[in-house]
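Enquirer: Here are the chains, one letter per residue:
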Amino acid sequence: MTSIAETLYHSEESEPHSTHHHKENFITKYIFSQDHKMISKQFLITGIIMGCLGMMMSVLFRLQLAWPDSSFPILETLLGSKWAPGGKLDPSFYMGLVTIHGTIMVFFVLTAGLSGTFSNLLIPLQCGARDMASPFINMLSYWFFFLSSVVLTISFLIESGPATVGWTIYPPLSALPKAMPGAGLGMTLWLVAMVFFIVSALLGGINYITTVLNMRTKGMSMNRLPLTIWAFFFTAVLGLLTFPVLLGGALLLIFDRSFGTSFYLSDIFLNGEGALANSGGSPILFQHLFWFLGHPEVYIIILPALGITSEIIAINARKPIFGYTAMVISITGIAFLSFIVWGHHMFITGMNPLLGLVFMIFTLIIAVPSAVKSFNYLATLWRGNIHFTPPMLFAIGLVSFFISGGLTGLFLGNAAIDIQLHDTYFVVAHFHIVMGCAAIFGMMAGIYHWFPRMYGRMMNNTLGYLHFWLTFIAAYMVFFPMHFIGLAGVPRRYYQFTVLPEFGIWNDVNVLITVAAIIGALAQILFLYNFFSSIFCGKKSEQNPWKSNTLEWTAPVERIHGNWHGEIPQVHRWAYDYSKPGFEEDYVPQTVPVSDNEEQLAFEHVLSVDNAKNEDNYTVSFSSLMLKWLGLKKS
Amino acid sequence: MMHFKIEKVKLKILLLALLCASSLNIFSADIKESITGKTVDDATITAGKTLFENRCMSCHALNSKLVGPALKDIHKKRSYEWLLKWTKNNEELRKSGDKDAIAIFEEFKLPMPAFNDLKDDEISSIIMYIENSSVAKATTGGKTETASTPAPVDQGKARNINWLIAILFIILISIIFLLVKITDRITELSGKEIIKWDNVNAFLLIAILTIGMAAAFWEFFVHGKLIMSEAATEYGRKTDRMFYITLFFTGVVFVITEILLFWFAFKYRKRKGTKALHYAHNNKLEVIWTLIPATVLTILVIGGLKTWRKITNNPEREKFNVEIFGYQFGWTARFPGNDGKLGNSNWNLISSDNPLGVAIKSKANKLIPELETELADLEKELKQLPNKLEVLKSELGGLTGEDRKQKLDKIKEIECGIAAADLNKKISNRKIQIQRIKTSLTSEKSSEFYNQYALDDIIVNNEIHIPVNQTITFKFRGRDVIHSAYIYHFRTQINVVPGLPTEMVFKPIVTTKEERIKQKNPNFDYYLICAKICGTGHFNMKLKIVVESEEDYNKWIQSQPTSFTNIETEKNKLNLIAYTK
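For the protein sequence lines, the chains are A and B, in the order given. Using our numbering, read the first sequence as starting at 1 and increasing by one per residue. Using our numbering, read the second sequence as starting at 636 and increasing by one per residue.
These are computed hints drawn from the structure, not numbers from a lab. Please note that the accuracy of each hint is not assured.
[As the list claims (entries may be wrong)] If you want the footprint, here are the derived chain A segments under chain B, 3+ residues with CB under 8 Å:
id, segment
1, 379-385
2, 397-409
3, 468-481
Virtual Cβ for every residue (Gly too), placed ideally from N, Cα, C.
Here chain A stands alone, though its shape is the one from the complex:
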């Protein structure tokens, strides 16, 4: 059997790559580029810009929460007298900030910015492919994302302001333009942006899956893939299966808003009049559709970060990742279970309590593979030879956040306890730590680690260290105290804590959180400076600066179309032969052939179709690989 990758490989062999370079002008090289490395940079920089926007919004509403009685004249200067009359945020605009902050961070930064960047960069490079399966679709994927970012940002420029109904856009609030100022045109733009975003995610996802399955180089059977690729692969699968559901949900919402249908609406009396011609719709239906994406979305965010961390921890501890098969099985388990836990966002919506039972069981089960992953990280660190590079510190930070935030998930996943904690600050603390901070730290680790691969230069380490420590401490100072605010029963999305006198005791905690948030935000200036200045005047990178095993470091430092001069290197071993006895160096790149007397791990052997140790016939189905690892099938 000949795989597609091989055909490609052979066809390119007959025609030496360097000779058929397309003529690249500025536009095809930097703007409408089809090269996966350039597209990944585009994703990254758009993601960083959106991230800065989202972060600035959070600082604005944190100011309001910390000092609800003071005014900041500068806000009126910056935002105008409509949104910040007298230097104090307008309550609807506060809601707008909260909504757009959530949307930007969840979708634009942590989905597109994280998985878009690194899937694009690493899938072809680590699998050993010249480019993505369809470079053109890949380019479209970025430009739809760009369009979507523009539409969302533009919603700040319209008169009624951006969407203000929360990033979860629950109807009827989001379906009735008259329910709130930001439920009008701002909401329409939000939905349009989201439709473009989903198109982008789907186009990207289908490309990633195809490339991983079909375009791996010679010898790169699935069991030799670095864990990053496994993570990106499942991320793409999750996105591909769940984003269409959100698209459906959003389309029905658009119908309800604009064409008079009532999928999500019933019994509405608004603004002094009955607002509906129909009855019988269900607002809960939207929540089911939304969270059917929404929960896997959490894993779409965290899986790439975990994949990046696995790679970086192994490289910097100079040790093989502990329990490679367990890691892959955990990712598979998480990916599978993430489809059947969405109901834990809806325990108290009034859905059948029996459903609550089922969702509670699955939700707590999903903690098991997550726990296995954390323990495996600890075991990888154990007796390592740990190099504290900036990416390594961020990876350690990720593990810390993943543990802290994951544990509070056990409270929220338990329906009985969730009754009291639902929609309080406890939830805010939980998801910011486990998917906000952890994923951002994964992204930062990835940026510091693969920056030399992207730009051929190194980032400044000293600034990196400062950036890490300030961000790490600030993040814990922001989100740890929020647990207590939530446990005291303060609901989220409150403009000020004045509804009950008891809430007044949290005023000084709010000040602490805001000060920490501002420090954290300022620390990002170090990063931004470091990132952008290093692009142009960082120290030139070596071929393999981190002494890593994976294929991307065998490609030339300068950006070339097609990734490798001449042949694509062949892979002979898994990606984690660090500190292997019998070798002088503490790393053995995947391209080094196995010597005759060298011991190999049982699962490291190439899995061939005919069970022979024939490296040309390496393609094996994913299902048979899983069966084998779970001991259900003998090789």
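Knowing the structure of chain A, use the given hints to seat chain B on it.
Expert: Here is chain B on its own, set in the frame of chain A:
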């Protein structure tokens, strides 16, 4: 009790000492006369304050614009009669062509609910409270009405401090950049690291671990004391136990894993000449740490399942029903009255006269002609749209700025057909609504729907009372968007979904009085608040709940007027029908 009294005295002294007159419960009048023409006295102002907090505060503040305009100095802008009319039924006032009323609606877009349950006296007491506060504000200066924290902030000073902090931060960051550049440069030139980052990072990891753990424990002892006062309901106690069990397990895991993480990172930091251990897997170990979390989680799941089942499957539900109706932005309760049964309701019957849409035949009959007049008005408006357009266009000349823009917007609306589409939609909705009401009145099930249970129902707006030690079911109904009814001290929460009735079953076991002693706070009260984003006034929706002995509750409920007793004729008719049958 003694302790309680002392605390109360202490608190008062404290508050007085802080000169925080506006947050005291008893008011001293700062005004001599009122536009209401009524005599100014402290009791009226205090009553006005309570009413303001219960009925107005979810949408209005004194000093700042929230959902509606700021109410400070409202007495200088409007006459007393106008305010009375506006508060009772602003829709009517707008329809009568009052320019001020229309202008307010144009500015804020969201109409204010009709408060026709408020009596003239009550409205005048609210106005008096606003008058008084407007004056009090002027004398004490710059303090908002909602600030219960007695720390008057000097705005100018705060502003300067803000700027100072900003400048300091900028200087700090510049210094950091400079230092980094200098160290890097020296490192480059001398070829030796000035700061041994490997060591610095390793020691920082341990330092942060120690400080972080200490801070976490400190948080538990300082903030932990502020949270989770003992639950005041039976099921609340059960969920609290589940919470503490989970906290125990997660706490242990948190401490162990975080310590291991930072300790390993510190202990196995890079050393010259050492090589890491090539140790790729150990199946036994992996099985062990899959099974341990699995076991712990099984324990938690079983506990959670049992508790959840008990809460959602209460055999005593429906024993004592109270309906709570959620809307933007407030809550209204309906008690079943003497017959112990709530009457039916339907959103099609909602009107300013019947805000909950309770099924009362005479009200429904009255609503039809009202809707028909509205329908005729709307149709007239639709017909006159072209005329209106011409009028608007002719008025356009000579206008500038905001006014011109508003007029232009209106012209655009008519020209694009948005206005017509809007009116058409309203017309068709009205027609459907009228049809639905007519069907409900004439269909076979009419007498079943408009039954007598509704006639003695009691609608309560300000605060509700419930008896202690009884299983109570709150039945929730919403009319506009999703709200979430959240009573923290009862540990209960359920969403209020339009079109989907939900309920909350609980048994309060601590009365408000007992809880006040427990909390050492004489002003403590249970409140139902909103936890699901529902619009601009989301952060201000509350309903006071008083838990008291059955005796006190009975006294209270007897003192509440039934809401539909003046519809005697209908009651008689129903009785007559029952008699003849």
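Enquirer: Please flag the earlier hints that this structure goes against, numbers listed from lowest up.
Expert: Structure breaks no hint.
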